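Protein chains in written order, with my numbering: chain A, 67 to 229; chain G, 67 to 229.
Worth double-checking, as some hints may not be accurate.
Which copy is meant is left open, so a pair is good if it fits within one copy or across any two.
As the list claims (entries may be wrong) - Heads up, simulated BS3-like pairs for lysine-lysine below, C-alpha to C-alpha not over 27 Å straight-line:
| # | residue 1 | residue 2 |
| --- | --- | --- |
| 1 | K178 | K201 |
| 2 | K94 | K168 |
| 3 | K168 | K208 |
| 4 | K208 | K178 |
| 5 | K168 | K178 |
| 6 | K94 | K208 |
| 7 | K201 | K94 |
Hints are computed from structural coordinates only; laboratory data are not their basis. Predicted model only: the values in this text are computed from it and were never measured.
2 protein chains.
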Amino acid sequence: MSVTDQYLANNVAYAADFTGPLPLPPSKHVAVVACMDARLDVYRILGLNDGEAHVIRNAGGVVTDDEIRSLAISQRLLGTTEIILIHHTDCGMLTFTDDDFKRDIQTETGQKPEWAAEAFGDLDEDVRQSITRIKNSPFITKTSSLRGFVFDVATGRLNEVSA
Amino acid sequence: MSVTDQYLANNVAYAADFTGPLPLPPSKHVAVVACMDARLDVYRILGLNDGEAHVIRNAGGVVTDDEIRSLAISQRLLGTTEIILIHHTDCGMLTFTDDDFKRDIQTETGQKPEWAAEAFGDLDEDVRQSITRIKNSPFITKTSSLRGFVFDVATGRLNEVSA
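Only chain A is shown next, with the shape it has when bound in the complex:
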């Protein structure tokens, strides 16, 4: 039995108590961009209820074209205006370099990715540069609040990164 099958069994229990459907647009007009890290249960960390906020996640919680795409759709079609960025301590992105990562892939496959791996060496600095990428995008035009945080995986606390 795969883990996927175990999770599907969990879903049967989830659906048994489910009350839906809720409306499509996020009721709190918030979009969160967070790292994919397994220890970041974003709904619990922020106390999100179903239907309140978009949650966008990737390796590092970095802002690439795909996060700009998602945020543009979130703001323009579904009315979000506040953006919350969440990076975290003990992040995998601090443990390697783009060059080494892409070299390993090339060694295995004969081909190097054309994209950046987006590894970083300083958490606060990367939160700030993610904020800057959003501010500098010509396609994110509806923002009323844009704040970045580092989640501490030892304490559960969000610590704001100053500009």
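Given chain A, work out where chain G should sit, using these hints.
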């Protein structure tokens, strides 16, 4: 008081009961790619516990270069092997076309995004093409299981998309 500030107050309560830290690598070796939709509380839908699975999310749950980047990091550096894709009914991506979305942005800002918006017209078809994009990537080489689902926002159930 912004919604962000309300969520930060929730985080104080979350941290009060927090027990950590957990290890960095996902203990169940799973990566989930899901839509950013506010009604998809992925941890609850699948019964994920903290630390078990990477969760990658964007508008539509589609697979672009950034999801390939995240999955490559997830598999190569952090040992995941199973991939679960989750799209859902009543998705915003069914409600527009790339051409209209990009035209609206150009009308407002004078500039058209160079990226695809990734709108789609058929849920099952888009799950299948996301699976195909992962299978066709030369950089995702550690996959033991790759399955796609549509989450029903009215019932809470995951329904598998056949290949």
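Going through the hints against the structure:
Only between protomers do K178 and K201 lie at most 27 Å apart by alpha-carbon distance; the minimum there is 17 Å, versus 30 Å within a single protomer. For the identical chains of this complex, K94 and K168 are inter-copy neighbours only, at 25 Å across copies versus 40 Å inside a copy, given an alpha-carbon limit of 27 Å. In this homomeric assembly, K168 and K208 come within 27 Å of each other (Cα to Cα) only across copies, at 16 Å, whereas the closest approach inside a single copy is 36 Å. Within a single copy, K208 and K178 get their C-alpha atoms only as close as 37 Å, which misses the 27 Å cut-off; across copies the closest is 17 Å, which meets it.
For a Cα distance limit of 27 Å, the shortest separation of K168 from K178 inside one copy, 6 Å, qualifies, whereas the shortest one across copies, 31 Å, does not. For the identical chains of this complex, K94 and K208 are intra-copy neighbours only, at 15 Å inside a copy versus 39 Å across copies, given an alpha-carbon limit of 27 Å. For the identical chains of this complex, K201 and K94 are intra-copy neighbours only, at 21 Å inside a copy versus 37 Å across copies, given an alpha-carbon limit of 27 Å.
Violation of the numbered hints given earlier is absent; every hint is satisfied by the structure.
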